[in-house]
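Please model the entire structure based on the sequences and the hints provided.
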Amino acid sequence: MTETTDYRPMWSELGLDLDKHDALLAALGQAYGDVFLSQENRPETMGYFDFVMGEIHGLRVKELVDARAAGRIVVGSFCVFVPEELVLAVGGVCVGLCAGADFGTEAAERYLPRNTCALIKSFFGFTLEKVCPYISACDLVVGENTCDGKKKAYETFADLVGREFMVLDMPNTKSGEGRAILKRAYLDFAARLENLSGVTITAENLTAAIELVNAKRRAMHRLARLRQADPTPISGLDALLANQVFFYDDPERFTQSVNNLCDELEKRVAQKVGVAPAGTVRIVISGCPMAVPNWKLPAIVESTGAVIVGEESCIGERGTQNLVDGSGDTVGELMESLVDRYFAVDCAVFTPNPTRAPHTLQIAKDCRAHGVIHFALQFCAPYQMEAPLLEREVEKGGVPVLRLDTDYSTEDVEQLRTRVEAFVEQLRGESEPIAHRS
Amino acid sequence: MRVIGLDIGSRTVKRVTLEDGVVVDHSVVPGSHDPLAVCDGVLAGQRPDRVVATGYGRRLFAEHRQAETLTEIRAVALGARHLRPTTRTVLDIGGQDTKVVALGADGAVAKFEMNDRCAAGTGRFLEVMATALSYPMDQFVQAGREADTAQPVHAMCTVFAESEVISATARGVDRAALARGLHEAVVRRSVAMLRRVALEDDIVFCGGGALNACLHQLIAESLGRQVHLPPHPQIVAALGAALSVNSPARSPRRVQ
Ligand code: SF4
Ligand code: SF4
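Chains as they are written, first to last, in my numbering: chain C, 1 to 438; chain A, 1001 to 1256.
Be a bit skeptical, because a hint or two may be false.
To be verified - Pulled a few chain C residues facing chain A out of the computed Cβ check, cut under 7 Å:
hint: 1; residue: Thr418
hint: 2; residue: Ala422
hint: 3; residue: Gln426
FYI, nobody ran anything at the bench for these hints, they're computed from the structure. C-beta: ideal position from N, C-alpha, C; glycine also.
Encoded structure:
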């Protein structure tokens, strides 16, 4: 990470533990260099995303602090069911709080049982060790009643987070009642945001907010389509990075940057330039979110010479799929469209969740993938339990599936690598030994 | 051309040497904390044209020596298929892991599963239990085969199972019945894995675990099917690794 400005006074003011924070940034910078900067043949316009990652705790946090000083509210969330559109409508800034690192696990385990998923432990760890400037910069942190792990963890977290905190009540069935619950949750959220910001949500500001987020999603759809080319013009790691930055960057600047990236990728596709030769084994990852800096599995997959071409994940399809119909004239109509877009997301917390497997198969076919790797965090009941169902359905559709359960630690990297390599060999359908890549 | 297949496992290193595609020699030596040194010893004087490494030490080896690599999944599939061309299912119980590989009619890997997170259900598990019962390995196997009754052992974690066994002996439970119960526990796990992944004939059982006659007998009984043993079950993956250089390469499966 290149630090040109000294952000330490800002971090102190945000109440961070500077020593631990230094350790975190050093580890992050190291991992980023190893995983991303070492890739060959990257698009030039990825430079923007490298810059954003370099400034993940610097410039972007300063922007949040400045936004607050200018009277805008900052809202942090942990789930793609928290609608950014409402935050933008009241002139606020919405940031996804990442929870992708094995940090502060011991501290987290003072409050959480050991068999809690790594994502939940991670946001507890970051909060308890005082290393997350995003949480500190928030006016409001929003949880959601999704899986049992988060639901119960938020009860404890509410007292630890040190910011205003609210939980959106979430449905667990895709029924009429379920939709009504989601709608009520969004109305409550809207009221809370209006109260906090002093701004009333109107058809005008909501339409503008919807258009801003739609533009961002449209850019991501464009990126997803370009990845369908063979040879694929961008690595799965770089595309994942764009999906991760989606959650915390300034929306307008982000959209512009993704479109710049897509312009470059379009040229690559026209010239048949790829990050790997045509005919390379193509993989779709499906399952739990991969929050920054959880790059473990994609890094392993791409180190075996395969390339990732799509993500059926929150950091991916679930975050970016579908647009909100912004044609309504009233706040009421627009709210209905908003609920429709989010209610279609097929997260495994819903029961039953019948659209996820066909959706995954469709993504695999659209991306011309040879196989799907299902990624579940250990102790994540919804995704682990859904995995065999999804495996069966997707394989019935003719696409082989490899199921992997892991966490954020590095202990199982070699075991994962063996499985992934064997899967890639299986998909390649050949028996030549692979030339070794270190 | 002289090709060596090297299977660098957690407990042993296996070598198969091919001369123009024909096996001329093989060896199995114990591993150590320094797998590279063991491999160097195994290769001393061999003068291969090509070395293909598989097993958990394959990357380490290829990073330091001239070698290609192949996963043990692909390697056992190739080895088993060479020894028995009608193979459709491979069960491999190794020192620290168990794997099941399903092959299509054409011999291509169709599905696989691997347990390598802990020693549960592996060769290592039975070794520890034999020691806990003060049996040499061969007598432990013999006792398991001949026991009239089985004392069920529930824990599959090596550490918990060991204490379960020790407290059972302290209660005066028959040692042979425990030996039987422990073998049955491993068999239950392996059979469950086989049923999850595939169960097409022919079934080939390999890896160090296949040297255990009690395991072989119980697995065949529990499946009600014939389970084939290759002549040297430990070297199947090393053989597959060596053979891989001669197998024709195919392009990736076509996608719709
Ligand atoms: S997996 Fe479900 S609950 Fe978790 S972040 Fe994604 S949408 Fe939210
Ligand atoms: S990964 Fe699974 S268990 Fe963890 S928060 Fe998300 S849905 Fe819940």
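So, going through the hints one by one against the coordinates:
no. : hint   : verdict
1   : Thr418 : holds (6 Å)
2   : Ala422 : holds (4 Å)
3   : Gln426 : holds (4 Å)
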